[in-house]
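Colleague: Spelled out from the first residue to the last, the chains are:
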Amino acid sequence: MIYLLLLPAIIMLILSFSNIEKSKYILPVTSLLILFPSIKLFFLPRPYSVIGKYLVADDLSAYIMLVSSIVAICVTLAMSTLGLHVKISKKAYSRFYRFFAIFWIGLTLSILANNMGLYWIGLETATLSTVYMIKTNNTAMARKEAWNYMIVGAIAISLILFGIILIYASAKPILGEDAMIFSSLLEHAKEIKSPFLFEIGFAITTLGMFIKMGFFPMNLWLANIERASFYPVAALFSGILESAVMIGFFRFSKIAQAVDLLHVFIFVFIYTILTIFIVSFLIYRAKDFMRLFSLSGVEHMALIALFWASGGIFAALLHFGAHAFLKPALFLSTGILESSGKYKIAGALRGYRGIKGKIFYFLTALFLLSIVSLPPSPMFFSELYGFAAMVNIAKLHQHLLLMIGAIIILLILLSIIFYKFIEIYQSMKYEGKEETKVVYGNEVLALIIFAISLMVLLTPWSFEFLRGVS
Amino acid sequence: MTSFLIGLFIATLIVALFTMRLYRLILWYSLNSLSLALLAITIGYSINDNTMILSGFLTLVLKAILIPYILKKVSVKFGLSRQIKPNVQIHYSIMLIPALLVFTFYLAEPITNMMVSNANYVAISISALFLSLLLMIEHKNIAPKIIGFLTIENSLFLLGTTATGGMPMLIELGIFFDLLMAIVIINLLFHQEEEEGLE
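First to last, the protein sequences are chains F and U.
Quick note: the first sequence uses the working numbering, first residue 1, plus one each step.
Quick note: the second sequence uses the working numbering, first residue 471, plus one each step.
Wrong hints could be hidden among the right ones.
[As the list claims (entries may be wrong)] Under the rule of at most 20 angstroms between Cα atoms (straight-line distance), these lysine-lysine pairs were calculated in the PhoX-like manner:
1. U:K610 / F:K144
2. F:K144 / U:K615
3. F:K342 / F:K437
4. F:K53 / F:K172
5. F:K90 / F:K24
6. F:K437 / F:K87
[What the hints assert, rightly or not] Quick partial rundown of chain F residues pointing at chain U, CB under 10 angstroms, derived from the structure:
7. E124
8. L161
9. S194
Since the hints were derived computationally from the structure, they do not count as laboratory data.
All residues carry an ideal CB built from backbone N, CA and C; glycine is no exception.
Only chain U is shown next, with the shape it has when bound in the complex:
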């Protein structure tokens, strides 16, 4: 089950890299967060860690439902361009993404050798981090860059879950709080731009 969910996590991220429509990108981000939440709940259940189960549920509510909903609202309200063409053409991406995945596994080998458990998962979370960076780089529009930032956060959450068996609860809550604050700031940045546009 864990392997399936982690596969789903990386698959949704890869598909997000090929997406050329904004709402579809938000959907893939939501699915990415959903697989992450289910993963945290599954791992938490298997190792009997209530903190991880709770952070899994928080991920589900915040990242899989609330944030995509707010992003969709923001994009409708401020009329963001729904056509998001990546700078890197798709046929190049098809070659670039597997190369990046293989390269990350090679790069992360010394780290994964040191891991007691879930070694491959650590390599996958590092590759997810690189893919999220690629998502930020390959788009000119601001919306996919925001999604890229949010998927970086997801990759780090995955790394925290798999490499360390979960971070302390206080830190997890703090990270969630900062993420919400980032969403508020993003909303405010768009909001003021609209106000100035009206003026």
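One chain only, chain F, in its complex shape:
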């Protein structure tokens, strides 16, 4: 199984050294191979051991693997016409694929890891490979942001390792070397002799992950990096890399919840509310698509973390899937939306001719409205279920009134974001001059795949599967 999972990345790595003009169209096809092992995981009895107890595919990792595979395929599909929208050298193009292959290997490791250390190694590999992807954009800003990402990313990832060491130290007296294994830790969480040490470790690890996801107080660093890089790189960041960080948060918080549910909830609750508070005003002031989508991504990540910590696993996973499809789709469409200039929002949704143009216009408008949770977006349902989970946890601990107050504040903040997106949508559709924009077939195909995936997410079969994830 591991060969099947890593084979597409290895082929891609080898092809990236060949003549890019010839392999330009083979590379997206190669990425299609990613999908087969991801689907195969669904037909195997789970938890399925990929490599001993080190790499194990359970329901959660199989779901995230599938979502990430679809995003990866769509991004590589849209990549083939990147050169027609922006200036990119052949060398940079092959380098993108080379590092994408390394990125995919790191990502597969971190998603399937049942070992804290392996998870960290995969995440670090994926992070380091994206540093170079940022630099494929040959501008002074991209160069600066690549260094910025290297330094801040290194600090965040070091914090994660620091927390892992403390967690390992807290559980080693009872579990020995198995204290690195997620499933063993979960099974014996209540027996940990020094829960305080474990919780400190969890808090530091979570802090590192939250920094990587652009939570408070590092709200703008990710937005600046995504602005500086090419749009497929931003799509990879929001659709895949953040998923790898998120699965780590899911696994660590599950163990921490077994140690003390309320501590985890309060910690995540305060952190995410603070993040959404800052981000909602930053979104209100956003003046370009990239920063707007990036900050909106931070908001959604905060909501996913909040729902998960409240015990709303179904809500968190549904929101996660919807975010993982919608955000890369919007990032990929920025390549066309920004045809007339980076900061030209007015009229960005006008001037699309032909069938391809009409489909692009329709899908982009749909994705824009879906991201602010307008029904029947999956986000609408996930938020309803998520708020219900928050009320349930408050009822259990006799803090219902406080929680209702918090939900009202949250709704006010979300309505600021909603207002801004609607304002932008209207400006894109009704204001500005009409300028003809070119849309290519592969880009439309990528958006159609995202739209189909979103629809599949809304089927009773998906709901049933997500409800079964524990």
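With the hints as your guide, set chain U onto chain F.
Modeller: Coordinates of chain U only, in the frame set by chain F:
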């Protein structure tokens, strides 16, 4: 011996914070890694842990010799500024660093109380982590920031060695691999900048 080496580890890091020349900073990083390697070998020998001894030797070869050598080569090749003046002036650093050390010992007290052995070493590794962060913050140039990142990695290795009695071998090897990859990426980032400069 262990106490001496751990003292040497923190001392080299403190001196690195005062350094204003790049090559000297690389030397202090190398000595910092050397004391870490000897520490891992000593502890590994005393508890009869072959894995720790092996990772000690790997640290010696990679972090004390190879990485400083590559960094020196890179800095010569790309003509990095050898004058690295910290943003925080030295007379302030003299007050700040002991304050940070005392603060860390106070902060780490609840953690160290829980440790079965080597409690003080855990506090020292956490303070080394803070000092490495200070090294990254107090410099504008990119080279000291890279050294800061590498010393953070050293501090975490020290924490892993002292707090947990060593991490599993597979993880140690993975961390070494990632460190090497980071060095390659850093080299590539500099390399492309030079290429663009030539264009």
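Colleague: Going back to the hint list, which numbers does this structure go against?
Modeller: none
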